[in-house]
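Trainee: Listed here are the chains, written in short residue letters.
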Amino acid sequence: MTDIIQIAIIGSGPAGLSAAARAAELNLSHVLIEKTDHLSDTIFKYQKGKHIMATPDQLVLRSDVDFAAGSREDILERWDEQSKSADLNVMLNSEVMEITGTKGNFEIKIKGGKSIKAAYVIMGIGTQGNPNTMRCPGGDLPFVQYQLDDPNAYFDEDIIVIGGGDAGIENALGLCADPKLENRVTLLQRAPDFPKAKEANAKALMSAKNDGRLDVITQATTSSLEKGWINIDVKDGTDRLPCDRVIARMGSAPPRKFVESCGVEFSSPDRLAYPVLSETFETTQPGLYVIGALAGYPLIKHCMNQGYDVVENINGNTGLKPADEPLLQEKFQSLPGQNSVSEWLEFIRSQVEIFRELTPLQMREFMLDSNVHAKKKGDEIFVRNDIGSSLFSIASGSVNVHISPTDHSITVPIGEGQIFGETGLISGRKRNATITAAEDCILIETPRNAARKLISTVPAVKRTVDRIAIERQLLQIFGSGLTRDHLNDIIKDAEVSTAMAGTALITEGDDDTDIYIIQSGSMLVEKMIGDKNVFLSYVPAGSYVGEMALFEEGRRTASVKAAVKSEVIKLQGRHFEKLLAENPALKDKIEDELADRRAMNAYIEGQKSNFDSVADLYGARANFLIEQGLGEATDALLIDETLCIGCDNCEIACAESHDGISRLNREAGTTFANIHVPTSCRHCEHPHCMSDCPPNAITRAPDGEVFINDTCIGCGNCQRYCPYGVIQMEKTPPKKPSLLSWMVFGIGPGPGQADSAWVKKKLSKSKAEAPKKAVKCDMCRGIKGGASCVRACPTGAAIRVSPEAYLGLARKEREMG
Amino acid sequence: MAKKNQSVAVHSSFLAHRNYLFLKLSLLICFISIVGYMWADFEPVRNGGTWYGYTLGTIGALLILWLTMLGMRKRWITQGHWSLKGWTSAHIYLGLALLIVATLHTGFQFGWNLHTLSYGLMIGVIASGLFGIYFYATVPRHMSNNRGEMGQADMLDEVENLDRLLRETAQPLNDKYIELVRDSTNKTVLGGNIFKRLSGRDKKCPTQAALKFFREELRTVDNASHGAILDLISVLERKNSLLQHIRKHIRFRALLEFWLYFHIPLTFALLAALTAHIVSVFYYS
Ligand SMILES: Cc1cc2nc3c(=O)[nH]c(=O)nc-3n(C[C@H](O)[C@H](O)[C@H](O)COP(=O)(O)OP(=O)(O)OC[C@H]3O[C@@H](n4cnc5c(N)ncnc54)[C@H](O)[C@@H]3O)c2cc1C
Ligand code: HEM
Ligand code: SF4
Ligand code: SF4
Ligand code: SF4
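Residue numbers (the working numbering), protein chains in the order written: chain A, 1 to 817; chain B, 818 to 1102.
Just so you know, these hints were derived from the structure itself, not from any lab.
These numbers come from a predicted model, not from an experiment.
A hint or two may mislead.
In silico contact screen, one side only, chain B against chain A (beta carbon under 10 angstroms); selected entries [what the hints assert, rightly or not]:
id, residue
1, N836
2, L840
3, K841
4, T885
5, P957
Now the stretches of chain B that chain A is said to cover, found in silico as 3 or more residues with beta-carbon under 8 angstroms [stated by the list, open to error]:
id, segment
6, 889–896
7, 927–940
We put the beta carbon where it would ideally sit given N, CA and C, even for glycine.
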């Protein structure tokens, strides 16, 4: 082709499709280029019959293509029809490999050699990316495949599965499930174990291995492939295995590399970063636009609206207001003054320090996720010990921080343009001070997810937030005894780092005096007694460790290691030594506070000889609980098996109080020394389940419970992200007859979760199809009396605890016993 | 630094609930009833017909009704600050207090009549209840230790796994051997009637039989099959030991349940007898 097409659209997801439809409607010459042999591959790959939701409800759809909530099949069929009737120019089976040139004259190279010239390029390729491929010699041989459609399609083969993630494990198990097929399956894994896989999958794999159904080789990498053979490097040398087929499941590479190769800059090196975009979705490469999930908008409606807007814009309609304008308008309504949306956006951006580097587009997106508050002088904004993880910014006015828990009159001001609430955001723990409005003010409240996105995509924001966090936490430790000069020295040399689970920050016997602030995660304090490492205590995020050395003068008396992956700030000890030398009053004050810990140490020293199997068991139990995720839990369900009679009344109660689905599985989960950790939400400090929820349906309530609200679209991401397997995808079961009619007449399935046969029978009568949604424990939010599972346990075996309290309690028991 | 957390503070067993509050309450009730019985002087006979007897009888009947409500409370998951543990604790201690209250109510006048039948049924309910708490208090620990780190479902899954392994291991052997293995995989029964479950073993377990047979067979078998039989034995041993654990588990579960087969029907019989008792007393007096 030699003609220059006006607009080339890459990727036929909802974003690209909508753009192409707009171009066709405007009679612009266009082409829609799609890698696969069908439109909209991401949606095509949803499970069959999936109910697709059209959130957010308030947002109007602005597109020439229809979209409303419905089944996957209906929506795809509709789109196919409409793309035909609107005469879209679609090129299927065409993967774009490279884009060169500039605005007015781009050249798009397609796999297979074809190329296309276009004046403008719109990229809507989503975030799925491509599977990682085998790079070793022979990696391109025909018996290497990256997907397994039907595990029963092969017979009597030597099959090597590469990759120990969930996909690899599930494929390997699928291949050896039917022994009649006589396949010999080997799974190769690079790491020594299976950290990326779900625990259940890893367990099933090891059990299959123990039974000899398949072979597993860990710490193995492929060195080369040849017909019939695979050569691998293993821990103690090399090996050569027969091999008819390789199924490589090594994860996907995000499309970022490809996008960058087209001349598009991303906002930061962070994994979560998106391309830098103008208000009109133009990238740093003029004439090249990015829309849809790749631009950071994971909901279908957003994608489609952007496709429309971007084409209108290219066509010269620059006055078009985005479809979300009314949503923003409504947000700003509560504020004093009658400014337009863009005036408000600009006002906030210029007022608040951390927003200054945002583009107008980022500002818009960010405000859509945030709330604005106009507060009167004296209004409370939040109270000490509230649970909250949102970040506040002061657009105008100022607030007072009441730093003392006892004396409300001691305050520190925070002024216009500053932020507060960052400790809750970073550590996921309770608010550590009460804040009130010092004068009338306008505040922006940003929920955790949006704030984290902001921090990871705009480096300047991260720096500012870190600095403020250190400053304020130091104030917390040392009170107002610190001067600006000291602070500056300490902050200048502070290092932020991540400690993986198990890494030691402080080693017993060392003679350093550094102090560590635990930003997120938690720490275990241990001490060597005889030849055993005895567990002393658990330190949650928001606290600090290491200050003892400043007073003990000598060596570290205990070790501190990360219980889970944690973020810590290391502060140089020498600054503190100097500070305390100059400031004896401060030294006395802190020494007082240390009396408790010192008593504990003295006690242990004195009891050394008595430490026996009890301490051992206690330490082992603490370690077990940490392994089960209690190190990052805020509230977990435990079952004391010495009391549990197995009546399952806890499950029944949960189902009874939650739409007939139990959110806990008592039997499942692990047990150690009579303490059982059932499968039930731990309400993590930093809930993994929140990582990638398109409608942001998972939030933390004021009382700390992590819960999923009605906007859930059932995509299942949270289920995949939760490492503890506590989220189920379920339809709401039909209503049961009342308890009385069951007790007296035996009608219905009785209390608890109805068995699936009853549900099926009941459902077959009604036609309405309920969508599957994510369900999990919400800690009986809104139910008077609290956790139903605990209340309904007849023997007191089921308890809900926070880890500090539980580990602390166990220590008390030991001291007394 | 650790703040007192309420949910932890209440981690005590149903027997020790609220520092034995209901035990104390129950002892108080018994004490008052006995003192009252000693103090009140009734002529010509001490029995339910006196005002004191009526009082004790009313308290007793109300207690019985309330004790029966536990079955309802257990399943009626409403909002509010109730705890089933508290209810169980109160149920047990107040149920035991009934022993004193009701006995004094009789004035030790027993005979072959409806009244004594009610009393007997009540004693039956209480006696079965005593078995119940004995098992509740002792069995869970054993059950947990027996299960180790496995759950019931894990154990059954593992049986299935071992069965598959057995079939695969037996494949190269002759039909007679395969038949025995098939008995183990197809005819091994777990559970059964209440006596089987309570016994915790199965004397006719085909897995055990097969294991015994192959161990014997090892002495005489030819070299060709020797290795395969050794493999088979090792899998059978695994399965056998697992089965022992499962049967023990089933036994424990049965222990925790079977007393209720007396407790509940006797409760209903008691309610019926009690109604008749009350009606007859008012009708004939
Ligand atoms: C299981 C699941 C359920 C979901 N449910 C919902 C829901 O109910 N409601 C909702 O609003 N959202 C839902 N989402 C989110 C939504 O599907 C996506 O955010 C949306 O599809 C993104 O659209 P897009 O146009 O940006 O990209 P995509 O839909 O990802 O489309 C990208 C297209 O580009 C093609 N492509 C990629 N690379 C190239 C290349 N180099 N050359 C040519 N073509 C290429 C791909 O094959 C694909 O067809 C769900 C997501 C998942 C995973
Ligand atoms: C006349 C007196 C009593 C009556 C009418 C009575 C009645 C009942 C009833 C109806 C239940 C409910 C069973 C169910 O639905 O699962 C129950 C349970 C129980 N009872 Fe009694 N009971 C009496 C006395 C006692 C005594 C004296 C004890 C103990 C010493 C006792 C111990 C128990 C226990 C442990 C339970 C099981 C609780 C649970 O698992 O939730 N009962 N009783
Ligand atoms: S669902 Fe999983 S990840 Fe989310 S809070 Fe609960 S335990 Fe943590
Ligand atoms: S709650 Fe879970 S299933 Fe629902 S939208 Fe969020 S990630 Fe998807
Ligand atoms: S706290 Fe409530 S929602 Fe959570 S497991 Fe218990 S009963 Fe279910």
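Trainee: Against each hint, give a clear statement of whether it holds in the structure.
Mentor: Status of each hint after checking the structure:
1. N836: violated, 13 angstroms
2. L840: Cβ of B:L840 sits 15 angstroms from chain A, so the hint is violated.
3. K841: Hint on B:K841: violated, closest Cβ of chain A at ~18 angstroms, above 10 angstroms.
4. T885: violated, 12 angstroms
5. P957: holds, 5 angstroms
6. 889–896: It holds: at least three residues are needed, and the segment 889–896 of chain B offers 6 whose Cβ sits within less than 8 angstroms of chain A.
7. 927–940: With 0 residues close enough to chain A, the hint is violated.
Checked against the numbered hints given earlier, this structure breaks hints 1, 2, 3, 4, 7; the rest are met.
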